[in-house]
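Protein chains in written order, with this note's numbering: chain F, 5 to 122; chain Z, 11 to 121.
Take these hints with a grain of salt, some might be off.
As the list claims (entries may be wrong) - Quick list of in silico lysine to any residue cross-link-like pairs, SDA-like style, CA-CA up to 25 Å: (1) Z:K52 - F:G57; (2) Z:K12 - F:S93; (3) F:K68 - Z:G106; (4) Z:K52 - F:S58; (5) F:K18 - Z:R51; (6) F:K59 - Z:S104; (7) Z:K66 - F:F71; (8) Z:K52 - F:F71.
Stated by the list, open to error - The following label-pair restraints were derived from C-beta to C-beta distances: (9) F:L80 - Z:T34: 45 to 51 Å; (10) Z:D88 - F:E91: 27 to 33 Å; (11) Z:L56 - F:G57: 35 to 41 Å; (12) F:L72 - Z:K12: 24 to 30 Å.
Claimed, not checked - Listed below are several chain Z residues computed to face chain F (Cβ distance under 10 Å; list not exhaustive): (13) K12; (14) G26; (15) A27; (16) Y46; (17) K52; (18) L57; (19) G106.
Simulated from the structure, these hints should not be mistaken for laboratory data.
The C-beta atom is built at its ideal place from N, Cα and C for all residues, glycine as well.
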Amino acid sequence: GAVVSQHPSWVICKSGTSVKIECRSLDFQATTMFWYRQFPKQSLMLMATSNEGSKATYEQGVEKDKFLINHASLTLSTLTVTSAHPEDSSFYICSARSLAGAISNEQFFGPGTRLTVL
Amino acid sequence: QKEVEQDPGPLSVPEGAIVSLNCTYSNSAFQYFMWYRQYSRKGPELLMYTYSSGNKEDGRFTAQVDKSSKYISLFIRDSQPSDSATYLCAMRWSQGGKLIFGQGTELSVKP
Numbered sequence: 005g006a007v008v009s010q011h012p013s014w015v016i017c018k019s020g021t022s023v024k025i026e027c028r029s030l031d032f033q034a035t036t037m038f039w040y041r042q043f044p045k046q047s048l049m050l051m052a053t054s055n056e057g058s059k060a061t062y063e064q065g066v067e068k069d070k071f072l073i074n075h076a077s078l079t080l081s082t083l084t085v086t087s088a089h090p091e092d093s094s095f096y097i098c099s100a101r102s103l104a105g106a107i108s109n110e111q112f113f114g115p116g117t118r119l120t121v122l
Numbered sequence: 011q012k013e014v015e016q017d018p019g020p021l022s023v024p025e026g027a028i029v030s031l032n033c034t035y036s037n038s039a040f041q042y043f044m045w046y047r048q049y050s051r052k053g054p055e056l057l058m059y060t061y062s063s064g065n066k067e068d069g070r071f072t073a074q075v076d077k078s079s080k081y082i083s084l085f086i087r088d089s090q091p092s093d094s095a096t097y098l099c100a101m102r103w104s105q106g107g108k109l110i111f112g113q114g115t116e117l118s119v120k121p
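Isolated chain F, as found in the complex (with noise of 0.2 Å):
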């Protein structure tokens, strides 16, 4: 149990363009979600903490007009990066929270979305 699907896997497109990604909890109601941003060879950097019906909650130093998060279901969570720019090729991984149950407070993470603009 307790998995987390991301779509898609990977995603190339133009500098300008916005880029939709998707983060479903399969088996399990995710009060809150995560989004992180990994670069190579680094560590995982929280962008933002969304919990379902509320506004997303960014860390320091991540642009919320630029990567708009929404969580309007306890099971989806969409991260659009808008006007992409090649700085903005990362790995994104999202990661998905239960309140209830044996498996909560856990956080289960997503298999990753490879972004690349060109």
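Got chain F; can you put chain Z on it based on the hints?
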């Protein structure tokens, strides 16, 4: 100074060796300590979870937390080529708090 320090490696060992991975941290408020394994181009998966100080064993894996020294370790016994991955330590202040990750150590186990 980073909150969590981890030697990025790479670390290369022969199959069957005992592997020792370590992290140090600066914030004494951390209470929950985790080790994640991340294969190339994949998301992290939770290996070990420890609350406060002490040891925890799960199969070939042993996690140790020494809060007095602000030092945590992961030991892998009888290492296998399939253990080749990046190992990330992570910690948080409270059960619901955000995770702070180390940089990750790249491990290669040679057959």
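Please name the hints from earlier in the document that this structure breaks, with their numbers sorted from lowest to highest. Checked against the structure, the hints that fail are numbers 1, 4, 7, 9, 10, 11, 14, 15 and 18, while the rest are satisfied.
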